[in-house]
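Here the protein sequences come in this chain order: S and R.
Letter by letter, the first sequence follows residues 1 to 364 of our numbering.
Letter by letter, the second sequence follows residues 1 to 364 of our numbering.
By construction, these hints were calculated from the structure, which means they are not laboratory data.
Among the hints, a few may not be true.
Since the list gives no way to pick out one identical chain from another, each pair is judged satisfied if it fits inside one copy or across any two copies.
With a straight-line cut-off of 25 Å between C-alpha atoms, the simulated DMTMM-like cross-links for lysine to aspartate or glutamate are [to be verified]:
(1) LYS363 to GLU143
(2) LYS42 to ASP130
(3) LYS338 to GLU325
2 protein chains.
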Amino acid sequence: MSLTFDSTPRADGFFMPAEFAPHAGCWMLWPQRPDNWRLGGKPAQKAFAAVATAIAQFEPVTMGVNANQYSNARQMLPPHIRVVEISNNDSWMRDCGPTFVADGKGRVRGVDWVFNAWGGLYNGLYFPWDLDDAVAQKVLEMEQVDRYKAPLVLEGGSIHVDGEGTCITTEECLLSLGRNPELPKHRIESFLKEYLNVEKVLWVPRGVFHDETTGHVDNILCYLRPGVVALNWTDDKSDPQYDRSEEAYDYLMSQTDAKGRRLEIHKIRQPNPILIQPEEAEGVDAVDGTLPRQAGDRMAASYINFYLCNGGAVIPSFGDPHDAEALERLQQLLPDRKVVSVPAREILLGGGNIHCITQQQPKG
Amino acid sequence: MSLTFDSTPRADGFFMPAEFAPHAGCWMLWPQRPDNWRLGGKPAQKAFAAVATAIAQFEPVTMGVNANQYSNARQMLPPHIRVVEISNNDSWMRDCGPTFVADGKGRVRGVDWVFNAWGGLYNGLYFPWDLDDAVAQKVLEMEQVDRYKAPLVLEGGSIHVDGEGTCITTEECLLSLGRNPELPKHRIESFLKEYLNVEKVLWVPRGVFHDETTGHVDNILCYLRPGVVALNWTDDKSDPQYDRSEEAYDYLMSQTDAKGRRLEIHKIRQPNPILIQPEEAEGVDAVDGTLPRQAGDRMAASYINFYLCNGGAVIPSFGDPHDAEALERLQQLLPDRKVVSVPAREILLGGGNIHCITQQQPKG
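Put together the whole structure using the sequences plus the hints.
Quick look at the structure:
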């Protein structure tokens, strides 16, 4: 039985575990829409399959697919990856999937946020998004996990928690006009405290330059462990990312977390600017109402957009000179994990990266 | 991991447990197609929900639905029934679902037969049937149960086993031209022996009169326990069912099962002839290639088409004078089970009954 509760995780003693806590497994969705993924999604499908295969070294992976891609996904993925039908508008499980919460005594539930394609009719990226909005419920129902229906527009990529009472988010995203324009900041903060069961919310001003998610936190910084953060960085003052990363750094250095700790911040240098190439833009269908992919547009590439899994971390590479440095730095910073990189340009072309396409289910 | 084996259950020591053996749960599919179910499927959906609810008293039930019916099914079904997306052309889980096999030591696998809508291009009931043919794989994949892909056109409703080496089927169905016309009877029997792991196949000549499945065995007779069979019956010699039931009775009385036992046969009187009413026929879309529902057509009504579940049996009722007799007889014959009846006319109107829309998954 999968029940839906009117209460909140905080009221019931459930909280969102950090991504670095043990997982039962990982959920993903399969890319296909030709107005977002070039060449009918075939290059992206290869990239997603590589990510799924990399994660499956560390923990079980389930891939949700639309019915008309079931057979293709089943054939492109190795047999130890579970494939199930979960209808979707696009493939961003981080953002439309459930946020799992736990009571620390073996019970797991899920928070089902409202999803509106990163901005609804104001500045959302496609229309409609009804199937995406139902993904969280379907995941929880399939696993017979009980559900909290949260009356807040929110994507999983816009929050990071340390599992010890702190949430980091961005003002750029959570205060955007396309999500909950009727709610003042303190009300949104109250929702985060209730549904994630945190004591303190840290509000970084902005995310990564030209990020179509309106500045998701998961592309600019992440927790490596409690009190320790990795931050997307550039030393080039002429880069529009410079001010964004510097203000995040300055803000976080001025704060303490829920436990009263100052944060330790590790800068991870971003790749050189990556632009959409003409032949890449040409491979995408033009559809009214879907964000176009235009040649020359800069993409929001960041090594921070990685996935922590049981004993591992799966990070993106871009064929960039900074790839090796990022891999080395993150391996140093995560000494108890095996850090592996997966080529991710084809995921980036769709508007996100490895963290955006994954969602951890904590161990019960 | 869900693997697909080239071997057979018999080669690996797996066999099909009888329906009266303990179940892990029950699988169903949700009705909707308007060219088979009247009034957009709404009356049938209520009937399926009642069947699911009745079975769920005894064992867990999972309902597979097409994406566009997910929300409606979730709302029409009680919360303790699991709803998952499994795309389908129609809702006959008995016939397109997997046949589960067990090794008696806790391991369960599934047989995935070829499904061709009860006769393919020769005399199948609709076109296409591609989604139905993929249902068995999707059920097994979702549960991470390993699979045998059987190279034989067969529906689960065309076989009954006693779990002790005997299978009963009908010549009318398994030797029909729409299934495996290239295979002689002895070859089909070999497949049954290999994939169900039985020693003996009993070939009843025909099924129920005017049964559009070409005479599925599960509408005319079933096992109550090893050596004991219930048989659909009429004493009216002018009824076209009379000869069919009598020849089944005579055949079975002349046979022994795999253990050398003579069969004990209990006759269950059928309801009076049930005809499609004009207002029922009017509610069904006319679609070329789908079997039409015509006013005045006799339906293949039988109390035998019931489902045995853990500690229970869910049998159909038709608002017929024989309903009470069937319920009473079956309760006498199944003294260790609670026998409950569910109104099933709306299921019958779609061409089958309670056994046809259910599929047991044995306990592992």
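To see whether the hints hold, each was checked on the structure:
In the homo-oligomer, the alpha carbons of LYS363 and GLU143 lie at most 25 Å apart both inside one protomer (13 Å) and across protomers (18 Å), since each shortest distance falls under that limit. With identical chains, the CA atoms of LYS42 and ASP130 are at most 25 Å apart both within one copy (24 Å) and between copies (23 Å). For the identical chains of this complex, LYS338 and GLU325 are intra-copy neighbours only, at 16 Å inside a copy versus 68 Å across copies, given an alpha-carbon limit of 25 Å.
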